[in-house]
Amino acid sequence: MENQDEIPVEPETESSTFISAYEDDDWSNYKDSDVMLQQSAIWEEDAAKSPFVGDKEPLSSLEAEYKSGSPILLEKIKVLSEHYAAIRRTRGDGNCFFRSFMFSYLEHLLESQDVAEVERIKRNVEKCRKTLQGLGYADFTFEDFFALFIEQLESVITGNEAPISHDELVVRSRDQSVSDYVVMFFRFVTSGEIRKRSEFFEPFIFGLANSTVEQFCKTSVEPMGEESDHVHITALSDALGVPIRVVYLDRSSCDSGGVSVNHHDFVPACDEVDKASTSSSGSETNPFIVLLYRPGHYDILYRK
Amino acid sequence: MTGSSVSSRKVLSKIATNRLQKELTEWQINPPSGFTHRVTDNLQRWVIEVNGAQGTIYANEKYQLQVDFPENYPMEAPQVIFLHPAPLHPHIYSNGHICLDILYDSWSPAMTVGSICISILSMLSSSPAKERPEDNDRYVKNCRNGRSPKETRWWFHDDKV
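Quick mapping for you: the protein sequence lines, in order, are chains A and B.
The numbering used here runs 615 ahead of the 1-based position in the first sequence.
The numbering used here runs 12 ahead of the 1-based position in the second sequence.
Treat the hints with care, as some may be off.
[To be verified] Derived BS3-like pairs: lysine-lysine, alpha-carbon spacing no greater than 25 Å straight-line:
no., chain 1, residue 1, chain 2, residue 2
1, A, LYS693, A, LYS671
2, B, LYS34, A, LYS742
3, B, LYS34, B, LYS22
4, A, LYS737, A, LYS811
5, A, LYS671, A, LYS919
6, A, LYS745, B, LYS34
Note that these hints are calculated values from the structure, not bench results.
The following block holds chain A by itself, in its conformation from the complex:
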């Protein structure tokens, strides 16, 4: 309780709220939602400092970040560096998973010039459009976002003309009028997939009392800035048919003493055709999108 004065209290003029919890004197009255309000204030500050998508940095920059921190994390970063060479950070504004996916996917297309993949994903995007229509979304609510995503696809693989440069891809990813629209496109796709397969996803949507799958999508998927977890990643990967690897960097350690870095591959559950085209090394899936997860945040990783 003696820390009370250090609680960042909003000045009264900023916090005219229905019931202002900040007026309460006791930590025990400090609810999760208060912490979340503060969290969003921190994001806003953080957001102003870093670009939506940063520059590619050597993995050693990650090590530097934890120099005086947890020895387990430093060990894990060492293990990471055996397989990964670089990291590209994204802004911690609650959209980092979608933003990381966007950049990683478009960058892969630009570098691979994989025409078949573009044709494949376009078919999936059409399915997503039908899903949303089937769920009763008016076309005008999502069509601009779909059009903008298709436009990005067509600018990285152009057919006869030269595609945009890598620098231009970075510029677009940092331009709010492109970047946020693509993020929102993914939010529509994710929401549509969760609602279409609501029976499948329902058991994973917990912690929200008296909430339905539809309500979850309205409050935790569709608004910008809402963070993503396994449910979102599974749904996006399934809907677009794109496998995603998430590498976890946290303080957990195994009893056996050795430090290892866990990862999870999200492999699209949909049709066989997609699986055949995305698993490059025999039966082993090897997603070209690799994201680094640290509690509350996703960045992009680059293999060696």
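With the hints as your guide, set chain B onto chain A.
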């Protein structure tokens, strides 16, 4: 205070204009029941008449909503307030500001003017009593410089009304 108030608003982006024209067309074909919008040449500000639903404490009452669209609509929420006199409701302040999550943090481009109207009518219809929010006077006093409700840090604690 950041100044995204009505007086300093910028012109709608091309994408916002297109979207609003489509919403307007949809509204004209299929308006949400209980609402009337008199179409003017001002796409950026809609004034919508709300009719209290039959069988509720607002039956036979008419109110007016003013909806102002930001330049980057629908990425950013519109500003929605009741024009004077605002209905007496535990989530509606006497200056017309409305405490409803979808107008602020929970806004999403998947929503429309029509879906906002439906949420507001549902909020009105489920009210058990005609009364102002407990902190009405303090809140309204703080808003005296004409700030937008979008600059308020709202605290949504009650989803029953």
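Legend entry - Given pair status - LYS671/A, LYS693/A, alpha carbons within 25 Å: Answer holds: LYS693/A to LYS671/A is near 18 Å, not above 25 Å.
Legend entry - Pair hint outcome, LYS737/A versus LYS811/A [Cα-Cα no greater than 25 Å]: Holds, at roughly 19 Å.
Legend entry - Pair hint outcome, LYS745/A versus LYS34/B [Cα-Cα no greater than 25 Å]: holds, 19 Å
Inset, instruction - Measure nothing beyond the straight line between the CA atoms of LYS34/B and LYS22/B; if it is 25 Å or shorter, mark the hint as holding. - result: holds, 20 Å
Inset, instruction - Given the hint that LYS34/B pairs with LYS742/A, test it: the Cα-Cα distance must not exceed 25 Å. - result: With a Cα-Cα distance of about 23 Å, the restraint between LYS34/B and LYS742/A holds, given a limit of 25 Å.
Legend entry - Agreement of LYS671/A and LYS919/A with the hint, judged by alpha carbon distance not exceeding 25 Å: Distance ~13 Å between LYS671/A and LYS919/A Cα, so the pair holds.
Comparing the model with each earlier hint shows no violations; every hint is respected.
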